[in-house]
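*Asks:* Throw the hints in and build the complete structure from the sequences for me.
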Amino acid sequence: MKIICLIKFIPDMDDFKYDYERNVLIRENMNQILNPEDAVAVAFAINVKKYYPQTVIDVVTMGPKNVTSKLEELLRLDVDHATLISDGAFIGSDTYATSLVLASYLTLNKADLILTGTHSLDGDTSHVPAQIAQWLSLPHLSNIISLNMNTMDSGRPELSADHDQEIMTFALKLPAVLSLQKEAPYKLPYVRYEDLNKVVSERLQVLTLKDLNLKKEAVGFEGSKTKVIKTFVKTQLRHDKIEVTTDEAGIQTVYDFLKDKGFLS
Amino acid sequence: MKKILLFLDGNQPNDRSLIGACERMTLGQDAQITAVGYPEDCPIGDSVYDDVLVIKDKLIAPYDTLALTQLLQEVHLQHHFDIILLPATPLGRILAPRLAIALHTGLVADVTDIEVADGVIHMIRPAYSGKLMARIIATGNGPVMMTVRPYGFEPTNIRLKTTVIKPIQGTNIKDSGIILLQSRAKTVTEDIRDSAILISGGGGVLTSFHRLQELAGVLHAQVSASRRVVDSGVVHRKIQVGQSGKTVSPKLYIALGISGSVQHIEGLKNVETIIAVNTNKNAPICSLAALVVEGDAVDFIDKLVRKIKQNSLNFKEETQ
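Residue numbers (the working numbering), protein chains in the order written: chain U, 1 to 265; chain H, 1001 to 1320.
Just so you know, these hints were derived from the structure itself, not from any lab.
Note that beta-carbon positions come from the ideal geometry of N, C-alpha and C, so glycine has one too.
Some hints here could point you the wrong way.
To be verified - So the derived list for chain U, only partly shown, Cβ under 10 Å to chain H, looks like this:
(1) Y105
(2) H127
(3) E166
(4) L172
(5) D211
(6) S224
*Replies:* Rendered as structure tokens:
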């Protein structure tokens, strides 16, 4: 089985830098971490490989070149290949353009299972996995909390997803896009001591726009269908404290306050 | 007149945010609003919608977003909507992006505010863990698409239409091969850290702590407690807020009869809004509160619960 994990390195929110002129996050020279739910997806893939050693795991990410060292860390685990898709032309891509780039890669590189996290901590739109599934006309399930390892090579793998009030268990046909959520019990292992300095660079490739047969105008600001026209810092309104009592006027004030803030429907 | 498509996903009772958002986009002008949804989410008589399309197709299950996207794409190709709105529910969140790709249009997620300038719809949403707010416009040729948070918008005008209700089915829906094997209700292990609203009680409500549940019920909130209440054995430690309890970050924290020791305040991380109800308006918690109610907490619960129930009843009468 071939598994491709789509992963994202996200800025450490404590180290937040933003280009207010161009309305993009400054990702260069920023402390990056692997998005936690994407780590769950990679950890699951590694588990599959333990169970079914013939499994091949590739991880793919889009971003600046400085994440290569992070990818190398994953290659020192049981990940077979890592791909960094990096090109200045991608700067400013919204989820429409981003999903097109990743879908183009996946059209050229087929997999049985495409794994992602459900949410990312930075943009938190959850769009891209579903959008990729649509570009590829594949089924997509998200909020996955467990996969039944015994069924993984059966041709009809089974999994459970958390749908608000219910836990739903599905069987599906591959290929499919599956988005895991952090409640799934899969954790990345530590790198084995003897592998700490293992040379892995020959299993890492960097691809650009050209390698994916994409036109420049299909990606970046130009290829996007939405545009951030302004960002602003949420002002912490230093409220003037309202004081009331429990009389009718006071309760009405509380009621209106709750309604204004959207706590009452 | 703008043509708007709404996808109904009835997870949230009394949520009118889709209609509220429409109102914000149309600036009080009339719009042709079409709603689409599964039978359990659709009105059966006259409503706020001009048209209701009820999905009656056994091949299109609500977890099968591949098929559902195909159906909604067909609906759009018949009607050519200017705007498409979906709720930011678990289903809406994975359905909307698929539909946006199918229609080759942009999508903005979790819109919390909408403004219109020179006829252009500005969608405003939090980004980067709420550190920034982003103002976003659609730049493509397709319909303007967004998801909105449940309860995020409240309509101010009353809208009642003679609703045309029609069943719909897809044509040539592709089988995605997903089979539902089992569905079981989640055993609710409530964690106060997950709650958007906490109704919290302290020494002032020690003997009437159970009454907090009434207010929690109408606000869809969970109940938490100060250490004083926990140490008295009234409630379990798992709902304790504070240094020796849990750190919570709800949007709203209503502190009833809690004085607000340093240790308690330690547990209130990033709480957006605090309402403090206390017989002593100079209690430490009151200095953190946006709204201070001086008085007896049980009296407060009685009156506020009555007010909320009364108003929701009035609303139902208005809309029936």
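*Asks:* Each hint: holds or not?
*Replies:* Hint check:
A cut of 10 Å between beta carbons decides the hint on U:Y105: the least distance to chain H is about 16 Å, and the hint is violated. With a least beta-carbon distance of about 4 Å to chain H, the hint placing U:H127 at the interface is held under the 10 Å criterion. Among the interface hints, the one on U:E166 holds; its C-beta lies about 5 Å from the nearest C-beta in chain H, closer than the 10 Å criterion. About 5 Å separates the beta-carbon of U:L172 from the nearest beta-carbon of chain H, less than 10 Å, and the hint is met.
About 22 Å separates the beta-carbon of U:D211 from the nearest beta-carbon of chain H, more than 10 Å, and the hint is not met. This hint holds: U:S224 has a C-beta 7 Å from the nearest C-beta of chain H, less than the 10 Å allowed.
The structure fails hints 1 and 5 (numbered hints given earlier, in ascending order).
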